[in-house]
Structure formats: structure tokens, C-alpha cells
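Asks: Sequence:
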Amino acid sequence: MFDGFWDNVFRYPRYFITILAGIFLNTFEPFLPLLKRPVTLVALLGLLTGALVFVTLTLRAMLGLSTI
Numbered sequence: 188m189f190d191g192f193w194d195n196v197f198r199y200p201r202y203f204i205t206i207l208a209g210i211f212l213n214t215f216e217p218f219l220p221l222l223k224r225p226v227t228l229v230a231l232l233g234l235l236t237g238a239l240v241f242v243t244l245t246l247r248a249m250l251g252l253s254t255i
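To convert, count from 1 in the sequence shown and add 187; that's the working numbering.
Please keep in mind that the hints were generated in silico from the structure rather than gathered at the bench. Where hints are given, some of them may not hold.
Taking CB as the label site, the calculated pair distances span [said to hold, decoys possible]:
hint, residue 1, residue 2, range
1, T245, D194, 29 to 37 Å
2, R198, M249, 22 to 30 Å
3, A230, W193, 46 to 54 Å
4, P225, F189, 54 to 62 Å
All residues carry an ideal CB built from backbone N, CA and C; glycine is no exception.
With these hints in hand, go ahead and build the complete structure from the sequences.
Replies: Written out as C-alpha cells, the structure is:
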């Protein structure tokens, strides 16, 4: 009844990584042509940096890790 049970269980992490890689590639593939022009590359990097700083500062304020 439990033949190959652990083999099946150990396949799940590989499946999970494959699904995440597929989601990542399908999400960011449309942005690849935009990275060929320097103006849009700088704009996208600025947008990404701004979003990361915004999320970081918001979470630090919400969790009370520092006073702003």
C-alpha cells in the first residue's frame, strides 16, 4: 500500500521549485525587451528600487523596528 510513498513525498520540493520558476519566468519575460533600451532600464531599476524602499520603510514602521 505504501510502496514508493517516500519517493512521492520527496518529489514535491522539486515540483514546487519548478512551479515557482515557471511563475517567475512568465511574470518577468514581457519586461525583457524593455531592458534593451538604457532609458527604460534606468526607469525600471528606479521603480524597483523605490518599491523596495517603500515596502521596507512601511514594514519597519508597522512593526516598530525604528522610529521614522
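Asks: Provide an ascending list of the numbers of those earlier hints which the structure does not satisfy.
Replies: 1 and 2
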